[in-house]
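Residue numbers (the numbering used here), protein chains in the order written: chain A, 1 to 326; chain B, 327 to 659; chain C, 660 to 905.
Hints listed in this document are in silico derivations from the structure and should not be mistaken for laboratory results.
Note that CB positions come from ideal geometry on N, CA and C, so glycine has one too.
One thing to keep in mind: the hints can contain errors.
[To be verified] Taking lysine-lysine and the DSSO-like style, the derived pairs with C-alpha atoms no more than 30 Å apart in a straight line are: (1) C:Lys-688 with C:Lys-883; (2) C:Lys-767 with B:Lys-538; (3) B:Lys-494 with A:Lys-171; (4) B:Lys-494 with A:Lys-249; (5) C:Lys-768 with B:Lys-549; (6) A:Lys-105 with A:Lys-130.
[As the list claims (entries may be wrong)] Okay, the calculated bits of chain B under chain A, using three or more residues with CB under 8 Å as the criterion: (7) 362-375; (8) 378-389; (9) 569-576; (10) 579-587; (11) 616-625.
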Amino acid sequence: MIKLFNRKAKALLLSLGIALTSTAAIADNVKIALIPGLTADAFYITMRKGAEAAAKAVGAELIYQGAAEWNVGLQVPVLDAIIARQPDAILIAPNDKDQLIEPLKRAHAAGIKIITVDTFIGNGVYQTGKGDADFPMSYVASENVLGGQMAARALAASIGEKGKVYVSSLKPGVSTLDQREQGFREEIAKYPNIEVLDTQYNDQDPNKAAAQFQAVLGRTPDLAGVFGANLFSAVGSANGAEQAGVAGKVKIAGFDAPASIVDDLKNGTLEMTIAQHPAEIGYFGVMAAYAVITGNPAPTKIGTGFTVMTKDNIDDPNVSKFLYTE
Amino acid sequence: METNNKQMLFLTLTKLRAWVFLALLLILFEVWSHTIYGRSFLANPYNLKSLAFFAAIPLLLALGQTFVIISAGIDLSVGFIMGLAAVISAKAVAYFGAMGLPDFPAVMLGIMVACLVAIIPGIINGILISSLGVPPFIGTLGMYGVARGAAFLFAGGMTVSVSNSILKWLGNGLIMGVPVLVIIVAIACIISHFLLSQTRFGQHTYAMGDNKAAADRAGINTKFLTIKIYALAGLFAGIAGALYTARFSAGSAQAGEPLLLISIAIVVIGGASLFGGSGTISGTIAGALVIAVIQYGLVYVNIEPFWQFIAVGIVIILSVLAEQAQSKLWGAK
Amino acid sequence: MARDRLEIKNIAKHFGPVKALDGVSLTLKPGECLALAGDNGAGKTTLIKVISGVHPATSGEVLIDGKPAQFSTPQQAREAGIETIYQDLALANNLTIGENIFLGREPKKRLWGFLPILDRKKMAEAATNVMKNLEFHTDRLDSPVQAFSGGQRQTVAIGRAVHWNASILIMDEPTAALGVPEQKKVLELIKALKAKGHSIIFISHNLQDIFEVSDRIVVMRRGKVAGERQIADIDHNEVVRLMISG
Numbered sequence: 001m002i003k004l005f006n007r008k009a010k011a012l013l014l015s016l017g018i019a020l021t022s023t024a025a026i027a028d029n030v031k032i033a034l035i036p037g038l039t040a041d042a043f044y045i046t047m048r049k050g051a052e053a054a055a056k057a058v059g060a061e062l063i064y065q066g067a068a069e070w071n072v073g074l075q076v077p078v079l080d081a082i083i084a085r086q087p088d089a090i091l092i093a094p095n096d097k098d099q100l101i102e103p104l105k106r107a108h109a110a111g112i113k114i115i116t117v118d119t120f121i122g123n124g125v126y127q128t129g130k131g132d133a134d135f136p137m138s139y140v141a142s143e144n145v146l147g148g149q150m151a152a153r154a155l156a157a158s159i160g161e162k163g164k165v166y167v168s169s170l171k172p173g174v175s176t177l178d179q180r181e182q183g184f185r186e187e188i189a190k191y192p193n194i195e196v197l198d199t200q201y202n203d204q205d206p207n208k209a210a211a212q213f214q215a216v217l218g219r220t221p222d223l224a225g226v227f228g229a230n231l232f233s234a235v236g237s238a239n240g241a242e243q244a245g246v247a248g249k250v251k252i253a254g255f256d257a258p259a260s261i262v263d264d265l266k267n268g269t270l271e272m273t274i275a276q277h278p279a280e281i282g283y284f285g286v287m288a289a290y291a292v293i294t295g296n297p298a299p300t301k302i303g304t305g306f307t308v309m310t311k312d313n314i315d316d317p318n319v320s321k322f323l324y325t326e
Numbered sequence: 327m328e329t330n331n332k333q334m335l336f337l338t339l340t341k342l343r344a345w346v347f348l349a350l351l352l353i354l355f356e357v358w359s360h361t362i363y364g365r366s367f368l369a370n371p372y373n374l375k376s377l378a379f380f381a382a383i384p385l386l387l388a389l390g391q392t393f394v395i396i397s398a399g400i401d402l403s404v405g406f407i408m409g410l411a412a413v414i415s416a417k418a419v420a421y422f423g424a425m426g427l428p429d430f431p432a433v434m435l436g437i438m439v440a441c442l443v444a445i446i447p448g449i450i451n452g453i454l455i456s457s458l459g460v461p462p463f464i465g466t467l468g469m470y471g472v473a474r475g476a477a478f479l480f481a482g483g484m485t486v487s488v489s490n491s492i493l494k495w496l497g498n499g500l501i502m503g504v505p506v507l508v509i510i511v512a513i514a515c516i517i518s519h520f521l522l523s524q525t526r527f528g529q530h531t532y533a534m535g536d537n538k539a540a541a542d543r544a545g546i547n548t549k550f551l552t553i554k555i556y557a558l559a560g561l562f563a564g565i566a567g568a569l570y571t572a573r574f575s576a577g578s579a580q581a582g583e584p585l586l587l588i589s590i591a592i593v594v595i596g597g598a599s600l601f602g603g604s605g606t607i608s609g610t611i612a613g614a615l616v617i618a619v620i621q622y623g624l625v626y627v628n629i630e631p632f633w634q635f636i637a638v639g640i641v642i643i644l645s646v647l648a649e650q651a652q653s654k655l656w657g658a659k
Numbered sequence: 660m661a662r663d664r665l666e667i668k669n670i671a672k673h674f675g676p677v678k679a680l681d682g683v684s685l686t687l688k689p690g691e692c693l694a695l696a697g698d699n700g701a702g703k704t705t706l707i708k709v710i711s712g713v714h715p716a717t718s719g720e721v722l723i724d725g726k727p728a729q730f731s732t733p734q735q736a737r738e739a740g741i742e743t744i745y746q747d748l749a750l751a752n753n754l755t756i757g758e759n760i761f762l763g764r765e766p767k768k769r770l771w772g773f774l775p776i777l778d779r780k781k782m783a784e785a786a787t788n789v790m791k792n793l794e795f796h797t798d799r800l801d802s803p804v805q806a807f808s809g810g811q812r813q814t815v816a817i818g819r820a821v822h823w824n825a826s827i828l829i830m831d832e833p834t835a836a837l838g839v840p841e842q843k844k845v846l847e848l849i850k851a852l853k854a855k856g857h858s859i860i861f862i863s864h865n866l867q868d869i870f871e872v873s874d875r876i877v878v879m880r881r882g883k884v885a886g887e888r889q890i891a892d893i894d895h896n897e898v899v900r901l902m903i904s905g
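Here chain A stands alone, though its shape is the one from the complex (with noise of 0.2 Å):
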């Protein structure tokens, strides 16, 4: 259904998009800001990159300002500075869903269209004419329960729909990761032969994701797969697979796909990842920006797709391409 809904809004949104390039004499001098999560990450550098094709090809002119780090109190400054600049929409991916409602609200009284990407504010539900922060017009980003639900049906072909599974993730409480293991537990409990143990959270130190791998294997010998709902988790897990000599046997799965991804899928390290679509992300939110820019409708919500990589695919130029760029 999501997947059908999607298509859909994209569909909408290229042809609004063609169809708008054609009379971009309409609206001329069109300054779109595009604040990412952090700078110089690889997914948000590819973001960059979709966003500026999309406002290339509507005719408008893209400002690309961020902090350097994950950090609210660094993200706000930055969109401050961005509304004196009085640009015609923001597109933001908030540090932090309750403490960016307000500074947003700002640039909405300023008459400024905010679209979030990748993360939200709020819950995420805009235009629905209820709660304070509903304001933004649209929502782009990867729809990460469908994410979950690739990587649980990856990972059970790989180990042959039977066995043991367990989720490696960061810490309780963040939400695109929540969603990715809700996806994964959904999923996978259609196959009857998988069995899904405790997810462990790491923190972000993968070593401690190496050890807890090593712990659970310690205890269940017949471990079939984990799915690392970050590059981190994955990395660390893959790494204690190593340790315990099961590297390949217990089959590993990632998600995110920078350059680097490529070595630890062809050496079996990983058996698979997700590959976000984040330049999809920024040219969708481009162009939902430019079409309420002009006065156009467009979804509240746009979700994009994934690629599944294997060592096997990661060569054809149609895997490849969804690499991020750094």
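Starting from the known structure of chain A, fit chains B and C onto it as the hints suggest.
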């Protein structure tokens, strides 16, 4: 006036509390494992190897922290110095490799560069604290930010991956069944123990931590000593960073971020006082094992993960209470 | 007549416009205990800091055994045989008696012929001997000095000076922090040290103590010597009069 036997026993136990904790934990998990799995926790080479491997890098960071805390200081910057060294070693090894050097010299040079870079913030910490009178908490907090920023800048905000067979062996290889990483950390422990217990450097560190005025009056150059101590902490953080890169074939600026507080917890559980003047390397080793055993053991016996935090917290509190009971006993004289 | 062990001539020490010492001269003979008295701020502490190398003098001369000496660090003073015992003892309470005696001057030996390590045996032996000489018997040479009483720790501080063969001991309020029985013990110790030929500069607020152990007294007032007497020729009232009005 003489200490009676009961007090002596109590003092010995508080001094060795980290080993007492460790023994109790091991007994607990041994019984637990027998009860639910019908097999031994300890007499299981797999578990021992996993624990040693798990404890190694945090222990390395804690070794440097031990000297600092004994000298009545604290080093909040070691986590990000480790991250900086992780990034630098990844970049440097890749650079020397790209220059055409074979794997082995590329790794040696790369790690040397990373360690040299890591010593610099340590030296600056020492100068800030000893010559400019900045409190250690504030001085190293400043360096925490500087090292963090520098690490992210060097890394361009990304994980820097590097491919080198020798580096990978250092991080993941085995020598006669023992992980190389564990051997390296064991050597670092022996050297640290030697420095602390058998040299003037160690002796003066204890003296300065207890009574800086006394150390000054005894003619000890406490400024230079302070610089040496923080430089050593930087060096250990540098080695930890390089080993992190070796282990994951990639350096990350936040490599040591989760380990900063752990390194302090290890030293405190190991029996050092945050007021300075006490602490041992053997205690720190036990402290690192205590934390590793709790975190590993609770996963092993399949307990809800959040209990780990509670368990580590309780051990820290018990440890500090034991420390206070100990100083009260001394003070009573 | 024996040569003076220590002679200071016309010492001045200025901190900016403040003249903490203004032309102080005094002598100290071998085996003599010289009391230094004076109100707070009279310059006693500054004077001993100049003698022990903590502060360099602004002007003036220090002679040891007739030879000019100028110390810019406490170590230099110590090497010339001047040891200072502070009121707060200056001991590292976490170290043993032996380690405190040797603090900053630890003996070394070579392990396996090449690796230099601390010679703990030598430190412990020296501690036993020194403490025995000071009538302080303990078998707890492995205990940190925090396990001992205040008087015992004062004995350790004095023992350190004795071990390093100090010809001149400067004692700054050595009895101030002690209980009465322990004060007595330290005073006995000072007498014993005198008898062994050590020269002592004894600073105290307690006139009783001064009259018990000293041979001579120098009273200071506002950075100057207000008076100097043999102990036999002076009484309490006279000392107080000198301290107050010069």
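Quick one: which hint numbers does this structure break? Sort them smallest to largest. Going through the list in order, the structure violates no hint and respects every one.
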